[in-house]
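Asker: This is what each chain is made of:
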Amino acid sequence: MRTAGTRLQAYLFVTPALVVFAVFVLYPMLATLVLGLFSWKAMSAERHWVGLANYAELLRDPLFFLCLKNNGLWIVLSLVLQLPVALLLAVALNSRLTRLRALRTAFFTPFVLPVVAAALIWWLILEPNFGLANALLRACSKGLARVLAALGVASAGVPSHLTVSWLGDSRIATVTLIAVASWKYLGFHTVVLLAGLQAISDDYYDAARLDGATGWQTFRHVSLPLLRRVIAVDALLIVVGSVKIFDLIWVMTGGGPYHATEVLATYMYYCGFTIDRMGYSAALATVMVVLTMIATVVYLRLGSLPPEEA
Amino acid sequence: MSRLGPRVLESLLWLAAVLFLLPVLWAFLGSLKPQQDLMLRPWSLPLQPVWENYRAALEGHILRYLLNSTLITLVAVAAMVLVAVPAAYSFARMPLRGRGLLLGLAVSGLLLPAHAALIPVYELSQRLHLTDLPALAGPYVAFGLPLTILLLQAYFADLPQELIDAALMDGASHWRIAWQILAPVARPAVVTVCIFQAAWIWNELPFALVLIKSPQWQTLPRGLISFQGQYTAEWGAVLAGVVLAMLPVILLYVVFQRHVIRGLTAGTVR
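These protein sequence lines map, in sequence, to chains W and Z.
Reminder that position 266 of the first sequence reads as 266 in this note's numbering, one-by-one numbering, no gaps.
Reminder that position 51 of the second sequence reads as 361 in this note's numbering, one-by-one numbering, no gaps.
Calculated directly from the structure, the hints in this document are not laboratory data.
Computed from a prediction, not measured in an experiment: that's the story for all the values here.
Do not rely on the hints blindly, as some may be mistaken.
What the hints assert, rightly or not - Straight-line Cα separation of at most 20 Å, SDA-like style, residue types lysine to any residue; simulated pairs: (1) 41(W) / 29(W); (2) 184(W) / 572(Z); (3) 184(W) / 558(Z); (4) 142(W) / 128(W); (5) 69(W) / 257(W); (6) 184(W) / 567(Z).
Pulled out of the complex, with its shape left as it was, chain W reads as follows:
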């Protein structure tokens, strides 16, 4: 059956996909690597070869290091905030009860919402003067002051007009954004880990029960080891997501205040499309490509794809 005709056909079948991929992914990606070696503005045809000057500038640019630091913070805090809670939820929800399936649906909901819509809701909730978050804080501090007064303790230390500038205070804005992202993505990671848990054969649990293992022992010595690969893949997705993070920041702070929440993706956009430094922007994009490529290699090592593709 393997005639020359089928060989040719095999190529014809992949050609359209290959062309689209080449034009809109492969060529642009390679072009980005090359463009990082030039200096130019979007609207002019003039392009200056600057060699590695853009990269040399990156190494002197405090904002670039701030981006790296913020992306690093995104990675670490997202892992810390999302993985353990998602694992806990997954274990709690790992049951055949329909009622619990409704809970899974509920926790997955924020992930389904359009990112920009979710970001706008939180943008309003976190607004310092009229937002829900500070209203809640004020109510709490008022309550606390009342309790202290009732107890006869001086309540001078409790601020009556507590106003936290969640997104406007450069010290906490990034952490606020990461918290919102964790709300958005927790359900996703829960479902991923839950699917991993449900793939574990009942035989293991039966054996553990026969050995008289407690719930914790079963989790620690049966579920956790068998879940290692799924947890690793999930953690990797959190890392990649944190390297690529853009939308939420763009909507809620735009990288501000004063670049405090800038990450690689927002800074790349800012350099290219706000201050029109295309070459520098391309160099930043190249850094992102390198980081995600490293992640892809790790992803393949984890064997999440069929062996023949790895």
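Starting from the known structure of chain W, arrange chain Z on it as the hints suggest.
Answerer: Positioned in the frame of chain W, the structure of chain Z alone reads:
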């Protein structure tokens, strides 16, 4: 205790779920409240719901944005399936030389950020005088292809050879086998990747930011951001826009829960 434990746990989980969904609930209720109540009495319920916020949202062209996003999503996903199915068939079932290299290419595109292609794609569209939705179609299809082809070809590869041999005996062409035999059998996988890619396109922002020039062709994410700028002080209008943007997605999610969950987690758990 052993009977009480699970009950307590379940109640706690329900409580957590309600708190978790509180922001969404607040948005729904808030969209029905007049501006003053929304800002000064954030906890109050909309006892006399008002619809003026929705009128503002509609005047802000939110329906137009929804329509634009629906259009580009349908077109891009359909085009993607059209080129991905033959490619996946070729990968899995035909004597394709250089298969390893091509698979490597697909894999390298799996986790790539849009930002990697943003500047050259922007330039390309400038040069071709493409803007708005036609300019978005190319990158939207292309960025969805790697995962789609990898998932479909894995599915196709697992199907029994007899299925294909029998059809070949009957004189069916590979094209017909791909579309009329394998694709229907692989429908669960096709639905899964379509949902995944549709969700990606529905939310995509960077390409939409640089490629859309005309206000009337803004996609939903872009449109909502314009909205944010336009109605900064009118929270009710912003919330009404947000609710209208969420509504179709939530409805689809409620109806097709299982598919949606499987689709959105595609590529992580096989």
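Asker: Quickly compare the C-alpha distance for residue 184(W) and residue 572(Z) to 20 Å and report which way the hint goes.
Answerer: Holds, at roughly 17 Å.
Asker: Does the structure keep residue 184(W) and residue 567(Z) at a Cα separation of 20 Å or less?
Answerer: Given pair residue 184(W), residue 567(Z) holds - Cα atoms ~17 Å apart, limit 20 Å.
Asker: Would the pair residue 69(W) and residue 257(W) pass a check requiring their Cα atoms to be no farther apart than 20 Å?
Answerer: holds (16 Å)
Asker: Residue 184(W) and residue 558(Z): Cα distance at most 20 Å?
Answerer: Cα-Cα ~18 Å, so holds.
Asker: Mind checking the alpha carbons of residue 142(W) and residue 128(W) for me, to see if they're no more than 20 Å apart?
Answerer: holds (17 Å)
Asker: Take a quick look at whether residue 41(W) and residue 29(W) sit within 20 Å of each other, Cα to Cα.
Answerer: With Cα atoms ~19 Å apart, residue 41(W) and residue 29(W) stay inside 20 Å; holds.
Hint violations for this structure: none, all hints satisfied.
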